[in-house]
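Protein chains: 2
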Amino acid sequence: MPAPLMSDRDLEFMLYELFDTEALTQRAQYADHNRETFDATLGTAKTVAEKVLLPFRQKADNEQPTFDGEKVHMIPDIKVGVDAIIESGLATPTASYETGGMQLPYIVANAATSYLVAAGGVATGYTGLTTANANLIEAHGNQEQIEKWVHPMRSGRFAGTMAMTEPGAGSGLADLTTTAVKQADGSFRVSGSKIFISGGDHELNENIVHLVLARVKGAPKGVKGISLFIVPKFLVNDDGSVGERNEVALAGLFHKMGGRAQTSTALSFGEQDGAVGYLVGEENKGLMYMFHMMNEARIMVGSSAAVTGVAGYQYSLDYAKERPQGRLLSEKDPHAPPVNIIEHPDIRRMLLAQKAYAEGALALCLYGSYLVDDEKTAATEEERQAAHTLLDFLTPIIKTWPSEYGPKANYFAIQVLGGHGYINEHPVEMFYRDNRLNPIHEGTTGIQSMDLLGRKVPMNGFAGYTACLNEIEKTIALAASRDNLSAYATQLADAVTLLKSTTEAVLGATQSQNIDAVFSNSVQYLEMFGHVVIAWLWLKQACVADLALEQQPHEADEQFYRGKLQAMQYFFRIELPEIRHWAKIIGEVDTTSYDMQAAWF
Amino acid sequence: MPAPLMSDRDLEFMLYELFDTEALTQRAQYADHNRETFDATLGTAKTVAEKVLLPFRQKADNEQPTFDGEKVHMIPDIKVGVDAIIESGLATPTASYETGGMQLPYIVANAATSYLVAAGGVATGYTGLTTANANLIEAHGNQEQIEKWVHPMRSGRFAGTMAMTEPGAGSGLADLTTTAVKQADGSFRVSGSKIFISGGDHELNENIVHLVLARVKGAPKGVKGISLFIVPKFLVNDDGSVGERNEVALAGLFHKMGGRAQTSTALSFGEQDGAVGYLVGEENKGLMYMFHMMNEARIMVGSSAAVTGVAGYQYSLDYAKERPQGRLLSEKDPHAPPVNIIEHPDIRRMLLAQKAYAEGALALCLYGSYLVDDEKTAATEEERQAAHTLLDFLTPIIKTWPSEYGPKANYFAIQVLGGHGYINEHPVEMFYRDNRLNPIHEGTTGIQSMDLLGRKVPMNGFAGYTACLNEIEKTIALAASRDNLSAYATQLADAVTLLKSTTEAVLGATQSQNIDAVFSNSVQYLEMFGHVVIAWLWLKQACVADLALEQQPHEADEQFYRGKLQAMQYFFRIELPEIRHWAKIIGEVDTTSYDMQAAWF
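Those sequence lines, one after another, are chains A and B.
Each step along the first sequence adds one to the number in numbering that gives the first Met the number 0, with nothing skipped, and position 160 is 159.
Each step along the second sequence adds one to the number in numbering that gives the first Met the number 0, with nothing skipped, and position 235 is 234.
Treat the hints as calculated values from the structure; they're not laboratory data.
Be aware that one or more of the hints could be misleading.
Identical copies go unnamed one by one, so any copy, or any two together, can satisfy a pair.
List of simulated lysine-lysine pairs, DSS-like, C-alpha gap at most 27 Å [said to hold, decoys possible]:
#1 K220 <-> K375
#2 K375 <-> K78
#3 K50 <-> K223
#4 K407 <-> K220
#5 K331 <-> K220
#6 K320 <-> K473
#7 K284 <-> K220
#8 K583 <-> K499
#9 K181 <-> K216
#10 K331 <-> K223
#11 K499 <-> K375
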């Protein structure tokens with residue numbers, strides 16, 4: 000039997016014990032749903048993952064797509080996988096009934112998707128981008144665009160991409176040079192080069208809808224002169240049928256370390272007359288629209304990193320339970336039979352670290368998903384706004400902490416398997432490779448850290464920052480009232496105090512010191528804040544577990560809850576104390592990196 | 000122009016300013032040598048690396064060897080590379096003139112090899128194993144064996160491997176089951192399966208000499224019943240010509256995440272009558288012989304990890320100097336041109352971290368190499384014994400610290416390049432994959448940590464431990480006398496004090512507490528000790544740099560020395576303080592991992 004992709008029990012815990020997902024069924028949007036339909040969705044996802052996606056996970060990694068100069072070729076299994084996801088409704092689970100969706104809460108959709116991602120992430124890479132593209136046009140496009148582009152994407156006829164990065168600009172969107180020239184009929188002609196466009200060309204769908212950031216001729220320089228365009232691979236006739244080829248050419252495929260089955264492309268737009276493009280919303284607001292979508296994209300990146308961490312944990316755990324090797328140091332008899340490696344303390348340490356990282360990260364991503372639900376469907380405008388504020392604040396952490404600690408978990412998964420972890424007979428080395436992209440795409444760790452410290456913390460009179468700390472305080476108060484947890488409550492309260500004083504110190508320093516120097520430790524600040532947030536979510540889990548243990552649960556549940564308490568303890572004893580050192584670097588504005596001159600390297 | 004593989008200036012610094020390599024020319028063994036011959040060796044290695052190896056580095060990674068059921072096929076470039084290394088004398092630089100070597104000091108050989116490893120490590124993977132095998136037979140075999148097997152390996156006719164690991168045993172050598180049955184003629188018949196045998200089959204040489212650990216029928220159980228055998232792929236006639244095929248069959252190739260051009264094989268010995276094998280030395284002493292060779296093998300693993308770290312640092316540094324993107328936060332004019340990314344503080348942080356990790360690790364490995372020279376050629380038996388004691392003590396650190404921090408350096412190299420770091424148009428993602436094996440092979444990090452804490456620290460009345468701390472004290476005393484360094488001297492002295500008290504506490508705990516619990520933090524202990532040792536080597540480098548700066552060097556040298564001081568500062572401010580937290584975990588015997596029960600995961 001293969002190792003479980005995800006822990007069913009843990010997802011149940013997170014959805015129904017840690018976060019009150021059933022309460023969402025009280026909302027009009029989700030009125031048709033109940034726990035049974037939620038569970039059925041997870042069950043469907045698990046089945047698709049195990050029966051359709053898992054069987055070709057390794058093959059998709061081994062046999063990358065190729066480009067013969069005209070078309071992209073990939074193993075046919077991928078289309079089977081993409082179609083299975085679309086047919087099961089899992090490509091657009093949160094979309095409204097009208098657009099063919101299941102109108103499920105975001106948290107349930109995200110939990111269900113975790114099975115698909117754990118089974119390789121190949122097919123969801125294609126469907127997820129399409130959904131993000133469709134969401135963006137639905138939010139900012141006009142009715143004609145929704146009918147022409149969104150509906151075929153929802154039904155699976157068309158695919159979608161996001162075309163932002165350019166060879167000369169990378170993360171520096173202000174410098175992008177793709178241009179758009181307005182035509183008499185109101186359409187545009189778009190010309191320029193884009194790179195690293197995931198799913199930028201393939202034959203999985205009838206058409207590909209590129210959302211392209213470009214500069215209308217004469218627009219202001221910098222980020223304020225960027226507009227958003229729909230540029231399809233094939234033009235579409237008025238009856239919705241696919242027409243002639245647009246000027247969108249595949250210039251080449253990149254060969255990535257991981258996520259190999261998803262094409263990463265260099266695209267050339269409008270090499271002759273310009274590719275036909277259609278403006279989304281208003282001119283020069285493209286980046287704002289794109290960022291609107293980016294919050295959800297960033298949660299998806301964080302989730303993918305967390306889930307890949309969980310998948311590696313589950314796999315190495317399964318291996319450790321069944322692989323006999325060596326003896327404990329305490330074993331005096333050299334002829335005693337070998338023990339399963341899970342008995343070795345260092346193996347337990349590496350499994351526990353994975354559990355603490357991966358399940359902590361997953362809890363954060365599901366919490367963020369719940370905030371998306373609240374942002375969209377909470378009862379009052381005030382509640383929706385509060386959820387938006389908190390989510391907006393947490394987004395750089397949701398994107399980054401799992402992206403940095405997911406790969407660390409995968410590092411340990413390999414180490415648990417030893418030499419077997421380094422070869423492709425086991426998937427943990429693939430997880431390690433796949434996960435390495437997450438600290439880079441959708442905004443690198445460095446960029447997220449500047450977003451957090453420079454924008455999100457002070458924004459709107461520290462509204463998001465304050466809201467986040469308030470949530471943490473609530474859990475501290477609850478834990479403080481429980482005998483088994485009060486010491487951890489005190490530790491987290493101390494950590495929050497330190498976080499506050501560090502925040503004051505670093506922001507104060509921006510008044511008197513060079514801002515580049517002050518921000519040279521912004522990554523440590525993000526890591527520190529992330530550790531406090533993850534510690535909070537572990538204490539929140541511990542509160543649930545500790546209460547549940549009082550009810551004398553049956554044995555399997557008792558063991559599950561004890562594992563939660565132990566992972567919390569691991570995070571508090573081994574991980575959380577690290578913030579003291581980081582706080583000093585940040586708060587005292589250590590300028591070691593800033594002072595290093597280019598010529599000294 | 001491609002990025003430099005290594006920093007020539009830094010190798011010069013390490014060989015002639017940090018360590019007194021020229022002093023070695025006073026020894027009889029190296030009497031023919033001088034700085035010019037040393038530099039010529041490095042120059043040869045650099046040329047072979049740049050002209051022969053580098054051109055096929057990527058190709059060798061992309062096109063793995065295949066097995067058609069009869070033979071192994073690989074790109075022909077690899078044989079060209081192996082032959083170039085052999086012809087230039089770089090396969091056996093330390094071997095005596097009589098056996099065809101250049102009789103060079105180990106530290107010079109290791110520095111020269113760094114260029115070859117940075118150019119891909121493919122060819123040195125084959126030649127390095129052959130040399131290790133030849134060294135072992137030379138040390139423990141008889142004269143006939145040396146003539147029959149060692150000479151053809153030294154000349155490049157034969158290749159060599161180490162066949163230890165078995166499918167059922169992995170790191171648990173006590174449980175290996177390969178058997179050897181003595182024949183009337185004194186030879187043996189060997190039967191069993193081995194896995195992960197690097198270079199276990201190929202067509203690069205006329206013959207492959209496997210050194211196989213096996214159990215003579217009737218031998219004691221456990222590690223005390225293991226013997227070492229020469230088992231060649233082809234039998235060899237009395238005239239030295241290659242004879243008929245021995246019963247050594249390739250069962251299959253493994254597909255590794257990195258180091259892909261080197262075959263990793265499953266070998267089947269003696270499927271019918273038993274493979275012909277020849278006992279090395281005495282029965283049941285095989286593991287002792289193998290461990291004799293393991294010290295050098297472990298230095299090679301550490302060096303390889305360090306060099307791969309340096310190579311990624313050099314590459315990402317070169318990229319950062321030439322890649323314009325974005326603006327500094329302090330830039331008020333949004334229309335200012337983009338800066339090269341090396342100007343961004345977070346990029347500098349990631350480059351400085353790489354420099355601190357990789358050059359710190361390299362200094363440690365070259366120090367270890369110098370100890371090998373002292374162990375072999377120091378003037379008195381007392382000095383040789385002292386070097387042996389110190390080297391034996393440091394070996395788990397030399398093997399492990401670079402293996403753990405080399406990949407961390409490569410992580411940052413990828414991050415500096417962003418999306419470009421994730422694709423195979425640049426080598427940093429390959430470095431990241433290649434380097435991931437180093438914490439696993441030749442004894443995992445977990446095993447090294449138990450060796451350090453359980454064996455090496457208390458061994459011979461703490462002789463190695465004391466010798467190591469004495470060396471550190473010398474540097475502290477020197478640094479304390481220099482105005483620019485005295486604060487760092489104090490910090491390192493405090494770290495040593497903490498290391499001593501932590502060592503006492505943890506060893507004391509073994510008297511009263513369960514040994515498995517006490518050792519559950521042995522990896523942190525190794526990491527702590529490693530950090531103190533690397534801090535020491537950075538302070539040692541800083542002493543040289545600080546003194547050199549007093550001499551008003553020309554500008555390029557001034558910048559080089561300032562970079563050394565800044566990297567030292569980085570290690571002391573950002574890295575070294577981490578040990579306080581680890582010391583607490585170790586000294587107080589945190590049992591979080593130990594207490595975690597298998598059923599709770």
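Going through the hints against the structure:
Proximity of K220 to K375 under the C-alpha cut-off of 27 Å is found in neither arrangement, the shortest distances being 34 Å within a copy and 67 Å between copies. Taking identical chains as interchangeable, the C-alpha atoms of K375 and K78 are never at most 27 Å apart, the minima being 32 Å within one chain and 63 Å between chains. For a Cα distance limit of 27 Å, the shortest separation of K50 from K223 qualifies neither inside one copy, at 48 Å, nor across copies, at 49 Å. Taking identical chains as interchangeable, the C-alpha atoms of K407 and K220 are never at most 27 Å apart, the minima being 40 Å within one chain and 38 Å between chains.
Taking the shortest alpha-carbon separations for K331 and K220, only the inter-copy value of 14 Å comes in at or below 27 Å, while the best intra-copy value is 74 Å. In the homo-oligomer, the alpha carbons of K320 and K473 never lie at most 27 Å apart, since the shortest distance is 38 Å inside one protomer and 48 Å across protomers. In this assembly of identical chains, the alpha carbons of K284 and K220 lie at most 27 Å apart only when taken from the same copy (13 Å versus 75 Å across copies). Taking identical chains as interchangeable, the C-alpha atoms of K583 and K499 lie at most 27 Å apart whether they share a chain (13 Å) or sit on different chains (25 Å).
Only within a single protomer do K181 and K216 lie at most 27 Å apart by alpha-carbon distance; the minimum there is 8 Å, versus 86 Å between protomers. For a Cα distance limit of 27 Å, the shortest separation of K331 from K223 across copies, 15 Å, qualifies, whereas the shortest one inside one copy, 72 Å, does not. When the C-alpha separation of K499 and K375 is checked against a cutoff of 27 Å, the pair qualifies neither within a copy, at 30 Å, nor between copies, at 58 Å.
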